[in-house]
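Between the sequences and the hints, there should be enough to build the whole structure, so can you do that?
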Amino acid sequence: MGGTESIENKLKDAVKDLFLKKKVDIVIGFEKGSLPLTSRPCFIRSSDMAERLVWNASCTNNLAVYLPRFFQKVPRAKKSGTPPPVVGIVAKGCDARSVVGLIKEKQILKENVVIIGMSCQGVIDRRKIESFIDGSFIAGGRQEPGGILEITTGVGDKKKIKVSDVLAESCIECQYPHVENADVRIDGESITASDDGYKAIKAFEEKSPEERWQYFTDEISRCIRCYACRQACPNCYCKVCFAEQTLPRWIGPGDELSDVMIYHIGRIFHQAGRCVECNACVRACPVGIDLRLFTRKLCMDVKELFGYIPGLSIEELPPLLRFELNDNNDFITTG
Amino acid sequence: MEEKKENNEPKIVAFLCNWCSYAGADLAGVSRFQYPANIRVIRIPCSGRINPLFIVKALQEGADGVLVSGCHPGDCHYISGNLAARRKFALLKNFLSYLGIEQDRVQFSWVSASEGNIFASLIKKVVDNIKKLPANKKLVRKRVGVQEYGWY
Ligand code: SF4
Ligand code: SF4
Ligand code: FES
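Which chain is which? The protein sequence lines are A and B, in order. In terms of this note's numbering, the first sequence is residues -12 to 322. In terms of this note's numbering, the second sequence is residues 8 to 159.
Calculated directly from the structure, the hints in this document are not laboratory data. Be a bit skeptical, because a hint or two may be false.
Reference listing, derived: stretches of chain B covered by chain A, where coverage requires no fewer than 3 residues with Cβ under 8 Å from a Cβ of chain A [to be verified]:
| hint | segment |
| --- | --- |
| 1 | 62 to 71 |
| 2 | 81 to 94 |
| 3 | 99 to 108 |
| 4 | 113 to 121 |
| 5 | 125 to 136 |
| 6 | 141 to 148 |
None of these values were measured; they are calculated from a predicted model. Note that the Cβ used here is the ideal one computed from N, Cα and C, for glycine as well.
Okay, here's the thing in structure tokens:
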């Protein structure tokens, strides 16, 4: 058999073990979702609850997004001196990189996080599945051993789809599927790292500025400003986002397109040196805006200009907190 | 709104660092070096004070170009403000042009307090570059009105 089910059992055992040894107060993981082929985040508080955990190709969310709130110092907690909990987190490669980023930016305490490093086989993109079963919706489905999804469509057809055919873009392009900083490791098969050298970004760069602007405009004009992309991103932890600040008020609350664009430019730019390309923003977007094309541009530039890859080492300072006298100066206009 | 066909007199917002470029502009003035009158100067305490959103907002409010000028690397009054800023500037310039905003719309420079002549020639160059571009349309606010903004 192999595959996800045995990994799932190993995960349950490991979590139970953590609780029995009193190494964690809470574990963030996935349980079965209410829709077919979905999993949803769940918060495990005791070893009995560990039975609820699942592990499969629909464990899509980046769970690191839930971490900072455990460590926020509410005034009451400060006074009563309640120590922060020890939080375990079921982490894929990208999630673990977010955790490292959060530790680095002092949003969470390193000693209080237990990274349960999963061997990740990639997650599915439901939009891709929906395009496979043309026009219909996913009425039922489960993951069979061997990476096969058995899907019942809205019109009652049965279909078998390979997980590898509907992998999320982020998993196809994943450069770091392996969890480097795991405290507990759940071994199993995992996808191989790929390095496509930011092909899609380079291809977009080849287009004319007008074409690029048109594409950006078309994509952003569909945005309904739900801010789900911001909420889903583990690295967006500011208590007051610039989008909602009132002094100064950077953008108005209406549907003025330039305001929406500035929201996106701001949000994406704030991820420079942070974004781990986990695709949580893309997945969260209800209208399916191609945010990945824009977020990855900054990932590429940060890598090329400053040689920095987010989330790999806890010690290395983020690129925008550092500088060198001989940083790239080519873009400067000289008088 | 009528179409503005050519861009003979672009408006350029220039953020100048108090300790160098602003003084450089002053020197250009007292030494009577001529430079085009297209820039609108905003004095900032250091190029490190620049929030990338300042630049984006200037474009949104209709500036045809934005120039940020600070002390030469290594000469910042606050030691490293411009070095930290340079990384952001590089990323921002690349990112905006990736989205399709013309490269020359947003420019960065280093001018010291003693370089009055260099300041004048820099402004000539920047203005020339921006004159070649059409009037700024991208990213400009379409709806003009104060309702959305409440307080300003
Ligand atoms: S910007 Fe999107 S892809 Fe990048 S870390 Fe945030 S959610 Fe993940
Ligand atoms: S999730 Fe999508 S629709 Fe919502 S704010 Fe982000 S881009 Fe806009
Ligand atoms: S003081 Fe001029 S750039 Fe910092």
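Structure-based check of each hint:
no.	hint	in the structure
1	62 to 71	holds (count 3)
2	81 to 94	holds (count 6)
3	99 to 108	holds (count 10)
4	113 to 121	holds (count 5)
5	125 to 136	holds (count 9)
6	141 to 148	holds (count 4)
The earlier numbered hints are all upheld by this structure, with none contradicted.
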